[in-house]
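*Asks:* Each chain, letter by letter, is given below.
Number of protein chains: 2
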Amino acid sequence: MATWKNLDTLASYSKLAELKGHVDIADAMAGEKGAERVKKYSTPMAAGLAYNYAAKQIDETVLDALAKLADEAELIEKFQELYNGAVINTGEKRMVLHHLARKQQGDAVVVDGVDKREFYVAQQKKAADFANKVHAGEITNENGEKFTSVVQIGIGGSDLGPRALYIALENWAKANNTFKMEAKFISNVDPDDAAAVLASVDLAHSLFIVVSKSGTTLETLTNEAFVKNALVKAGLNPSKHMLAVTSETSPLAKSEDYLTAIFMDDYIGGRYSSVSGVGGAILSLAFGPEVFAQILEGAAAEDTLATNKNILENPDMLDALIGVYERNVQGYPATAVLPYSQALSRFPAHLQQCDMESNGKSVNRFGEPVDYVTGPVIFGEPGTNGQHSFYQLLHQGTDIVPLQFIGFKKSQLGVDVDIENSTSQQKLCANVAAQIVAFACGKKDENLNKDFKGGRPSSIIIGEELTPAALGALLAHFENKIMFQGFLWNLNSFDQEGVQLGKVLAKRVLAHDTDGALKVYSDLLDI
Amino acid sequence: MATWKNLDTLASYSKLAELKGHVDIADAMAGEKGAERVKKYSTPMAAGLAYNYAAKQIDETVLDALAKLADEAELIEKFQELYNGAVINTGEKRMVLHHLARKQQGDAVVVDGVDKREFYVAQQKKAADFANKVHAGEITNENGEKFTSVVQIGIGGSDLGPRALYIALENWAKANNTFKMEAKFISNVDPDDAAAVLASVDLAHSLFIVVSKSGTTLETLTNEAFVKNALVKAGLNPSKHMLAVTSETSPLAKSEDYLTAIFMDDYIGGRYSSVSGVGGAILSLAFGPEVFAQILEGAAAEDTLATNKNILENPDMLDALIGVYERNVQGYPATAVLPYSQALSRFPAHLQQCDMESNGKSVNRFGEPVDYVTGPVIFGEPGTNGQHSFYQLLHQGTDIVPLQFIGFKKSQLGVDVDIENSTSQQKLCANVAAQIVAFACGKKDENLNKDFKGGRPSSIIIGEELTPAALGALLAHFENKIMFQGFLWNLNSFDQEGVQLGKVLAKRVLAHDTDGALKVYSDLLDI
Numbered sequence: 001m002a003t004w005k006n007l008d009t010l011a012s013y014s015k016l017a018e019l020k021g022h023v024d025i026a027d028a029m030a031g032e033k034g035a036e037r038v039k040k041y042s043t044p045m046a047a048g049l050a051y052n053y054a055a056k057q058i059d060e061t062v063l064d065a066l067a068k069l070a071d072e073a074e075l076i077e078k079f080q081e082l083y084n085g086a087v088i089n090t091g092e093k094r095m096v097l098h099h100l101a102r103k104q105q106g107d108a109v110v111v112d113g114v115d116k117r118e119f120y121v122a123q124q125k126k127a128a129d130f131a132n133k134v135h136a137g138e139i140t141n142e143n144g145e146k147f148t149s150v151v152q153i154g155i156g157g158s159d160l161g162p163r164a165l166y167i168a169l170e171n172w173a174k175a176n177n178t179f180k181m182e183a184k185f186i187s188n189v190d191p192d193d194a195a196a197v198l199a200s201v202d203l204a205h206s207l208f209i210v211v212s213k214s215g216t217t218l219e220t221l222t223n224e225a226f227v228k229n230a231l232v233k234a235g236l237n238p239s240k241h242m243l244a245v246t247s248e249t250s251p252l253a254k255s256e257d258y259l260t261a262i263f264m265d266d267y268i269g270g271r272y273s274s275v276s277g278v279g280g281a282i283l284s285l286a287f288g289p290e291v292f293a294q295i296l297e298g299a300a301a302e303d304t305l306a307t308n309k310n311i312l313e314n315p316d317m318l319d320a321l322i323g324v325y326e327r328n329v330q331g332y333p334a335t336a337v338l339p340y341s342q343a344l345s346r347f348p349a350h351l352q353q354c355d356m357e358s359n360g361k362s363v364n365r366f367g368e369p370v371d372y373v374t375g376p377v378i379f380g381e382p383g384t385n386g387q388h389s390f391y392q393l394l395h396q397g398t399d400i401v402p403l404q405f406i407g408f409k410k411s412q413l414g415v416d417v418d419i420e421n422s423t424s425q426q427k428l429c430a431n432v433a434a435q436i437v438a439f440a441c442g443k444k445d446e447n448l449n450k451d452f453k454g455g456r457p458s459s460i461i462i463g464e465e466l467t468p469a470a471l472g473a474l475l476a477h478f479e480n481k482i483m484f485q486g487f488l489w490n491l492n493s494f495d496q497e498g499v500q501l502g503k504v505l506a507k508r509v510l511a512h513d514t515d516g517a518l519k520v521y522s523d524l525l526d527i
Numbered sequence: 001m002a003t004w005k006n007l008d009t010l011a012s013y014s015k016l017a018e019l020k021g022h023v024d025i026a027d028a029m030a031g032e033k034g035a036e037r038v039k040k041y042s043t044p045m046a047a048g049l050a051y052n053y054a055a056k057q058i059d060e061t062v063l064d065a066l067a068k069l070a071d072e073a074e075l076i077e078k079f080q081e082l083y084n085g086a087v088i089n090t091g092e093k094r095m096v097l098h099h100l101a102r103k104q105q106g107d108a109v110v111v112d113g114v115d116k117r118e119f120y121v122a123q124q125k126k127a128a129d130f131a132n133k134v135h136a137g138e139i140t141n142e143n144g145e146k147f148t149s150v151v152q153i154g155i156g157g158s159d160l161g162p163r164a165l166y167i168a169l170e171n172w173a174k175a176n177n178t179f180k181m182e183a184k185f186i187s188n189v190d191p192d193d194a195a196a197v198l199a200s201v202d203l204a205h206s207l208f209i210v211v212s213k214s215g216t217t218l219e220t221l222t223n224e225a226f227v228k229n230a231l232v233k234a235g236l237n238p239s240k241h242m243l244a245v246t247s248e249t250s251p252l253a254k255s256e257d258y259l260t261a262i263f264m265d266d267y268i269g270g271r272y273s274s275v276s277g278v279g280g281a282i283l284s285l286a287f288g289p290e291v292f293a294q295i296l297e298g299a300a301a302e303d304t305l306a307t308n309k310n311i312l313e314n315p316d317m318l319d320a321l322i323g324v325y326e327r328n329v330q331g332y333p334a335t336a337v338l339p340y341s342q343a344l345s346r347f348p349a350h351l352q353q354c355d356m357e358s359n360g361k362s363v364n365r366f367g368e369p370v371d372y373v374t375g376p377v378i379f380g381e382p383g384t385n386g387q388h389s390f391y392q393l394l395h396q397g398t399d400i401v402p403l404q405f406i407g408f409k410k411s412q413l414g415v416d417v418d419i420e421n422s423t424s425q426q427k428l429c430a431n432v433a434a435q436i437v438a439f440a441c442g443k444k445d446e447n448l449n450k451d452f453k454g455g456r457p458s459s460i461i462i463g464e465e466l467t468p469a470a471l472g473a474l475l476a477h478f479e480n481k482i483m484f485q486g487f488l489w490n491l492n493s494f495d496q497e498g499v500q501l502g503k504v505l506a507k508r509v510l511a512h513d514t515d516g517a518l519k520v521y522s523d524l525l526d527i
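Residue numbers (our numbering), protein chains in the order written: chain A, 1 to 527; chain B, 1 to 527.
Isolated chain A, as found in the complex:
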């Protein structure tokens, strides 16, 4: 059994903390030794990706200290306990099994006589069978016509991950002839969200997936009612257009209001649920079950890499360790995720949830306050767009923001133009290469307004093309990074008690059970 200790009680962390400002990357990345670094500090990920960390503030001394920290914090042992079914979510007293939805990494995990791997596979099969029948025209609308679009009704983890993955693969699927039907998403309780989405689809040929583990999420039930109203007004029978993704014990589970119900359980949290039915139903419908299976395979392969004790062969753990060095030793408060791929336009928003909801905490897994900073602010937009926007601050602002670039050699659609002797894809890649070096090395100028100090760390994940498997590997990489960072900070990364108080107070407002400031705000907002 691994021992769970606060970061600042580890001897190896004290050693690491002595290495503040140890590496000057402006110097280390210059000239031929810089070239050697870029060749050396790279490690393979799954699905042909590679994690290159040459432009991070590391050298052999820092890496050695990080390796000792990984050992002392027993990161691999903790991951093993997690995938073997230990109760890692101490707040809610639950196991954490999203890895098991991808692959059996370790021991069989049996709950109440049910093998959980078999349960997840069965739900995937249920989603696949349903999707295949829709595609084959065996499940149709009441007039026997094929469904042509699917709308997910969910919020938070039931929205951001599946939406990011759908957007990431929409063009790939079109280019590879696996595009089956358009997907849309309704999440916000703002009625303009649902109304606008409904106005944009052909109701008579649309399926709606209601996603709520408990079956009680207020936003989702409200939007479900909104959709049902619209279906009824259009003379359609909602029960012939809706399916549910929910827990077996929820009110939605056995209801005749749905064509089918695909089940989730308590062991895969919302923000990790893209690989469960939450992502599986909609992605199987949109792109076919085979594409969803490839996402899972890419994720499983990355998970397997994450079991490696050698930090140089474990990109997820290494990324996590470098991030803790940047956050706790170097003192950087935010991290930007910058994919040079328009397809990943909503991937930063998903990571923002995954990271900030998992590790934005001030008490450790035992409920005791910690004396160090934990999860950073995460934000990002696709390059090259961001270059013409907030990169000014990243290059010349007073705070240093570590950067996580992502780039692919090939575009998804393969349509391109050659302007001034290069394609758009080459221009895209040239920009990300240039940015890494610009941030690291800077450039002296006597006019300080045009001077770039450099010394701004970044890493890059490079892939051949954003395929389903590469996307799965990317997803797993960041999930595992966040998990290892939670281990290092000694947090429970798998609950989210911080979202509860707002819910409770909102209910009081709606019940007109308020006083003081809350009552005045309610009045100002005409509630």
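Since the hints were made in silico from the structure, they are not lab data.
Quantities reported herein were computed from a predicted structural model and do not represent experimental measurements.
A couple of the hints might just be wrong.
No more than 25 Å apart at the CA atoms, straight line, and that leaves these computed lysine to any residue pairs for SDA-like [said to hold, decoys possible]:
1) Lys-410/A with Gly-516/B
2) Lys-450/B with Pro-369/A
3) Lys-503/B with Asp-24/A
4) Lys-184/A with Ala-199/B
5) Lys-15/B with Gln-330/B
6) Lys-507/A with Gly-516/B
7) Lys-410/A with Ala-511/B
8) Lys-228/A with Leu-413/B
9) Lys-450/A with Val-370/B
10) Lys-409/A with Val-504/B
Sample of chain B residues with no beta-carbon within 10 Å of chain A, all distances over it, derived [what the hints assert, rightly or not]:
11) Leu-63
12) Gln-104
13) Asp-190
14) Gly-455
Think of the CB as a built atom: it goes at the ideal place given N, C-alpha and C, for glycine as much as any other residue.
Fit chain B to the given chain A structure using the hints.
*Replies:* For chain B alone, kept in the frame of chain A given last:
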């Protein structure tokens, strides 16, 4: 003439710095005195909006110190100099005239014999006339058919602002019968961006607006060539489908490749250009020139408020001052913008550029290093979505992140459902009210995992409905806030030298003129 001094040389700033941690908002916002605060600490904005700052860490003492800082920093005098045509952009030696595109706030500004107000109005009229002719079917495609959609080709300021404004008003225009044609945007040099947008429009009935002040922006020219290729392949004549928004001296200005050219000048920077032809052409085409005029009127009215010397009657200056208190005295590194309106889904991305590109700088307006932190990281997503995502960190993370909420009493489309005795719009508003109080007051719990410390500051802008005028007022509010913060930090908020180095290095990569690390990255990315 105002005197430009660094923030840390001002006596009033030293006084303000003594007020670190002065107000405990968890206490101040509790009970009846909290109710009184919410009523008291509110100031009107233009277009019926109000800026409520009750949940900020202020009291009469802090406000008094902020008023003295405003006076000593001569914020109003500097704003006056700006709109009267002083060379405020010291780096590029340019005037800063985006306010003049909305209204003549002060003296006439004449450059080379041209009255700049007349120039901006003339360009607005040109865009309006063009849009009216398109809507009337007087400007058509080669077959005499009406155009039904318009695509903007631009990046950074030529993309984010116009896109955010278009999304903000699309539903409003539909509900108010002023929706004329669908707009889309191509920005990223990633070829998948242009290819996907082109696949989603009817080329034969589409107009394309090429937006580049210099006429040399590589991304934009590349995407223009991409679009021209597609038009030619479809048997269409590009010159019958394209217009330009550019400077009078650019290669695009007098070219026969365009139906018309609407002119910009050097005095409105990209990130402030939504109110110029950059936003004017596409918004006039999409919604009609009257709607664009209403945006300008809302902005102009907010600008007029921003000339008020009394900080309690100048919401833009007050917001700026509180932000500097939070950033420099309280030490908070980031700020979140959280609109409870799906229509504002891309407004945070626009503000992210506007703020981080303006004030993400380490040297003052004279090119000397400053010894204090400047612009924070800006990020945000619409509520209630964010509540189910990154709010965990905002409530219980180790860093405090000041919050800027925005909420409206009414939805734009007016389509709603009543579930559990409240509409979706009421639920939306209940949530934002609840969040403010939850962040400020927190809630004690013996289980520290469920404990909320509170003390997390926020403000809220409340409006009746997100109309064009309200949107213009919002835009101007944040632009003016950023301007006043630039004055306080003694920065030049109107250049962006930090984006240059990346451009230079990217060109070297494309010319295969690299060595060292840059060459290895280029090889890894197959350039």
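*Asks:* Beyond 10 Å from chain A, beta-carbon-wise, is Asp-190/B?
*Replies:* At roughly 4 Å from the nearest Cβ of chain A, Asp-190/B sits no farther out than 10 Å, so the non-interface label is violated.
*Asks:* Given the hint that Lys-184/A pairs with Ala-199/B, test it: the Cα-Cα distance must not exceed 25 Å.
*Replies:* Within the cut-off at roughly 17 Å; holds.
*Asks:* Measure nothing beyond the straight line between the CA atoms of Lys-15/B and Gln-330/B; if it is 25 Å or shorter, mark the hint as holding.
*Replies:* holds (14 Å)
*Asks:* Lys-228/A and Leu-413/B were given as a pair; does the straight-line alpha-carbon distance stay at or below 25 Å?
*Replies:* holds (18 Å)
*Asks:* Next pair to validate is Lys-450/A with Val-370/B; report whether the Cα-Cα distance is within 25 Å.
*Replies:* Holds, at about 15 Å.
*Asks:* Can you confirm whether the C-alpha distance between Lys-409/A and Val-504/B stays at or below 25 Å?
*Replies:* holds (21 Å)
*Asks:* Please work out if Lys-450/B and Pro-369/A have their alpha carbons no farther apart than 25 Å.
*Replies:* Satisfied, since the Cα-Cα distance of roughly 12 Å is no more than 25 Å.
*Asks:* Quick one: work out the minimum CB distance from Leu-63/B to chain A and report holds if it exceeds 10 Å, violated otherwise.
*Replies:* With a cut-off of 10 Å, Leu-63/B remains clear of chain A, as the shortest Cβ separation is near 18 Å.
*Asks:* Compare the distance between the alpha carbons of Lys-410/A and Gly-516/B with 25 Å, and conclude whether the hinted pair is satisfied.
*Replies:* holds (24 Å)
*Asks:* Test the statement that Gln-104/B is away from the interface with chain A: the closest C-beta pair must be farther apart than 10 Å.
*Replies:* holds (30 Å)
*Asks:* So if I understand the rule, the pair passes when the alpha-carbon distance is 25 Å or less; does Lys-410/A with Ala-511/B pass?
*Replies:* Distance of about 19 Å is within 25 Å: holds.
*Asks:* Take the C-alpha atoms of Lys-503/B and Asp-24/A, compute the straight-line distance between them, and say whether it is at most 25 Å.
*Replies:* holds (24 Å)
When each numbered hint is compared with the structure, violations occur for hints 6 and 13.
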